[in-house]
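Number of protein chains: 2
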Amino acid sequence: MGNQAKTAITPTRNEDYPEWYQQVIKASDLAERSPVRGCMVIKPWGYALWENIMRSMDAMFKTTGVQNAYFPLFIPLNFLEKEAEHVEGFAKECAVVSHHRLEKGPDGGLVPAGQLTEPLIVRPTSETIIGDSFAKWVSSYRDLPLLINQWANVVRWEMRTRLFLRTSEFLWQEGHTAHATQAEAIERTHMMLDVYAQMAEQYLAMPVIKGRKTPTERFPGAVDTLCIEAMMQDRKALQAGTSHFLGQNFARASQIKFQNAAEKEEFAWTTSWGSSTRLIGGVIMTHGDDDGIILPPRVASSQIVLLPIIRKDKDRDAVMAYTESLARELRAQHFHHQPVRVQIDTRDIGGARGWDWIKKGIPLRVEIGPRDMANNAVFVGRRDKGHRDKTAMARDEFVAGIASLLDEIQQNLFDRAKAFQQQHTTQIDDRQTFIDYFTPANTDKPEIHGGFALAHWCGKDACEAEVKNDLTVTIRCIPLDSPDEPGVCVYCGQPSAKRVVYAKAY
Amino acid sequence: MGNQAKTAITPTRNEDYPEWYQQVIKASDLAERSPVRGCMVIKPWGYALWENIMRSMDAMFKTTGVQNAYFPLFIPLNFLEKEAEHVEGFAKECAVVSHHRLEKGPDGGLVPAGQLTEPLIVRPTSETIIGDSFAKWVSSYRDLPLLINQWANVVRWEMRTRLFLRTSEFLWQEGHTAHATQAEAIERTHMMLDVYAQMAEQYLAMPVIKGRKTPTERFPGAVDTLCIEAMMQDRKALQAGTSHFLGQNFARASQIKFQNAAEKEEFAWTTSWGSSTRLIGGVIMTHGDDDGIILPPRVASSQIVLLPIIRKDKDRDAVMAYTESLARELRAQHFHHQPVRVQIDTRDIGGARGWDWIKKGIPLRVEIGPRDMANNAVFVGRRDKGHRDKTAMARDEFVAGIASLLDEIQQNLFDRAKAFQQQHTTQIDDRQTFIDYFTPANTDKPEIHGGFALAHWCGKDACEAEVKNDLTVTIRCIPLDSPDEPGVCVYCGQPSAKRVVYAKAY
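Top to bottom, those sequences are chains A and B. Taking this note's numbering, the leading residue of the first sequence gets 1, the next gets one more, and so forth. Taking this note's numbering, the leading residue of the second sequence gets 1, the next gets one more, and so forth.
Hints in this document: simulated from the structure, not taken from any laboratory. For each residue, glycine too, the CB sits at the ideal point set by N, CA and C. Take the hints with a grain of salt, since some may be wrong.
[Stated by the list, open to error] Computed footprint of chain B on chain A; a stretch qualifies when at least three of its residues, placed anywhere within it, have a C-beta under 8 Å from a C-beta of chain B: (1) 30-40; (2) 305-318.
[To be verified] Calculated from the model, a selection of chain A residues having no Cβ within reach of chain B, i.e. all distances over 12 Å: (3) 58; (4) 79; (5) 149; (6) 484; (7) 487.
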């Protein structure tokens with residue numbers, strides 16, 4: 001593949017976006033399908049990315065006073081049933097545990113035995129089981145607020161799955177808080193949305209729109225659902241995090257009560273908020289190109305790979321010594337409060353080695369050969385530039401400037417994604433234009449068209465449903481910063497007070 | 001409770017050790033039982049301890065070349081059946097998922113629906129599902145070794161549970177490696193046992209004996225199981241980590257094959273090793289006293305609590321400013337490569353505040369009142385000393401010496417536990433002495449007696465079973481450093497080549 005004119009990933013994004021997505025994950029070794037229906041295996045390169053995302057987000061949570069805890073994987077069926085909308089929202093995708101052992105069956109094989117008197121549900125989310133603890137932990141207003149987060153696996157049975165975007169089991173964090181007042185709970189809902197937006201923009205270099213879901217798109221049982229929505233390169237939206245104001249619904253269901261300062265009993269006000277390994281799908285589709293994925297430096301599994309070039313055996317020791325001392329110097333540098341993450345690849349596989357790292361999306365590739373050594377130099381390839389675009393740099397300058405170089409790449413990725421999002425976001429005020437915008441012009445490539453339409457909506461569920469049915473387009477959110485602006489609904493012509501974001505979505 | 005003569009925990013260890021264990025967990029707010037049979041809720045103070053254990057252990061794993069990944073929660077029944085001993089070992093404690101949705105039943109309530117064609121088992125351990133991935137990832141000796149770890153929850157259905165020690169769901173790490181040669185796999189098995197021993201001794205201040213399990217106590221499917229065994233304060237043994245050499249058993253079951261350098265196909269040699277939230281039970285029972293738990297500084301959820309003492313309102317601002325600046329100075333110090341973990345408790349609840357932190361086991365309590373301020377001093381209580389034993393220290397000296405003070409506490413806890421273990425470890429060569437050693441002298445307090453008996457064993461399963469049946473004593477391990485020493489079996493009188501460790505156990 002050394003000097004190929006072709007791209008490393010077949011097909012390209014333009015040729016077949018969904019297939020590109022599968023191939024790019026395979027080529028980068030992030031994850032793979034497992035033999036268990038709908039469940040994925042997250043491979044080391046993908047898991048290291050998730051570890052970096054977790055570490056960054058966890059630190060942000062803790063700064064806001066949140067503490068981690070851990071609650072049971074299983075939820076008794078009657079707990080789930082306590083909140084009517086909630087159970088209805090999840091009933092169709094629940095994994096049910098019915099037995100607690102295996103026994104030899106009549107034909108000699110093992111069969112389930114020890115049937116449970118009440119089935120247990122593998123948690124699809126934990127409001128009801130955590131609510132049960134909160135009810136025990138709270139008795140006075142002095143016990144509030146409770147600010148709890150859990151890093152966990154959850155299961156929502158899916159028939160059609162896509163790695164990272166939609167899998168039956170996924171990894172996530174779910175935050176759950178309880179407050180003495182409505183105002184404080186609403187403030188927390190917004191605060192955590194801001195954390196998600198920061199995480200997306202500052203760490204994943206993924207620009208997002210902060211908004212509110214329409215009533216039909218709310219979390220089952222919530223009073224209000226806030227979300228961040230990002231634009232992928234096929235111009236579809238990806239919901240990348242949600243923060244729910246639950247009012248007193250779950251407090252009532254779980255009996256989370258407290259005595260207020262006036263010694264009167266009240267239900268607490270609760271929130272919940274979650275983000276998941278889906279963010280990795282967002283990173284892939286925001287930054288990836290036809291040569292593979294591109295990892296934002298702040299969360300990259302590794303940031304720099306050193307590629308010693310040894311053409312003659314007599315050079316080996318000197319090149320390796322130079323490489324290892326360079327690795328040590330780089331690891332002693334810090335980027336965004338963490339030691340720089342460096343690895344050395346000594347595999348003797350020719351040009352495939354450099355291509356491997358391009359496909360894996362590592363921010364910097366550094367080639368080191370005898371000539372570079374002689375010049376006290378390094379030969380640097382940036383993943384955010386073309387694969388042929390490599391630059392010789394003085395070694396000392398490279399080491400001393402590594403943090404600002406990584407910052408520059410991080411910023412460049414964000415700027416590119418932001419420009420792309422702006423380019424494909426349009427105000428639309430006319431029904432036919434709206435329909436055309438969301439209708440593929442080229443039926444050979446139905447994937448890439450449209451974008452975000454900022455258009456008026458009448459506020460009616462029925463109209464929203466019609467758009468969804470006719471065009472497979474949904475209201476992604478009502479942007480929080482959307483100004484009041486009288487107009488008429490782009491689809492039905494009824495009066496509207498605000499524009500919303502319409503898009504096709506994952 | 002200010003000047004109580006009594007202890008903070010009732011009953012004391014001597015009065016009723018098992019009940020003391022439950023009460024000390026409650027008083028320290030580490031965890032509690034959940035409404036889901038056998039599952040626990042790990043509360044923030046307990047989870048922070050687990051986070052510190054994870055961080056320390058994870059760093060040690062990575063130093064040995066191990067990478068993290070994540071595999072499915074569910075295992076198809078036929079996977080588990082691939083290794084006969086393995087499935088037999090776990091069949092009695094498997095949670096079985098049988099359905100994938102809920103549906104309105106005849107009486108209006110929800111009932112399981114969408115029955116699975118093949119039941120899924122919630123992982124009790126992941127050898128078989130990870131083996132399936134390994135089989136895909138390995139084709140040549142160049143792909144080896146594979147060194148993988150996963151942090152995960154597992155489920156082993158238990159009828160009688162005890163917080164942290166035996167719960168149906170628990171959190172753990174499980175390492176899985178595959179190698180080209182038997183020697184390399186055996187070396188890895190020992191290497192990871194050494195990591196566990198280091199973790200236990202250097203971080204948890206819990207002295208352990210490294211040894212080998214007898215054949216009947218091996219992990220189901222393993223060729224050899226190594227373990228670390230610690231002594232609790234009731235002199236029972238706690239198995240605190242195991243490392244298994246699996247030979248080619250699981251490679252054969254999962255078809256993990258590779259072409260060797262001579263291009264011949266071979267089965268890989270695999271290992272697996274695990275440790276869990278059980279370690280927290282070990283910390284409680286190794287160090288806890290009649291006033292609560294005592295956390296070793298290196299893993300303590302928090303290391304220092306500052307307790308501002310404000311008797312008059314006019315002092316409030318000055319005392320708080322002094323406290324907050326002290327917190328900042330302490331947090332700028334490092335202990336064992338981490339910023340010192342400090343919190344401030346401003347609750348106005350009198351003497352109960354100090355006792356709260358004693359029960360929670362925080363290594364250092366620092367009282368700060370107007371007089372301390374005037375002297376530029378702090379008033380320090382060490383949790384490894386009695387609750388009345390507090391010392392005034394110059395503030396600057398305290399801050400500058402914080403790392404060595406924490407080190408001293410860490411070392412003191414280890415030394416105490418080591419002395420206790422040695423005090424209750426005895427060579428026994430006579431059958432009646434052996435029986436007496438393991439028979440409670442005082443039937444009112446049957447819990448505390450015996451200890452570790454270093455005694456000869458004939459090597460026969462039947463004799464081992466007899467001891468277990470007669471005395472509820474098991475062979476904890478054959479110590480790795482046990483010298484060859486001809487003798488006769490303490491129980492049956494047959495010839496023996498080595499002493500083993502006998503004890504009652506958790």
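Each hint, compared with the structure:
1. 30-40: holds (count 6)
2. 305-318: violated (count 0)
3. 58: violated (9 Å)
4. 79: violated (8 Å)
5. 149: violated (10 Å)
6. 484: Holds: least Cβ distance 42 Å, greater than 12 Å.
7. 487: Given a closest Cβ separation of 42 Å, the condition holds.
Violated hints for the displayed structure, listed by number in ascending order: 2, 3, 4 and 5.
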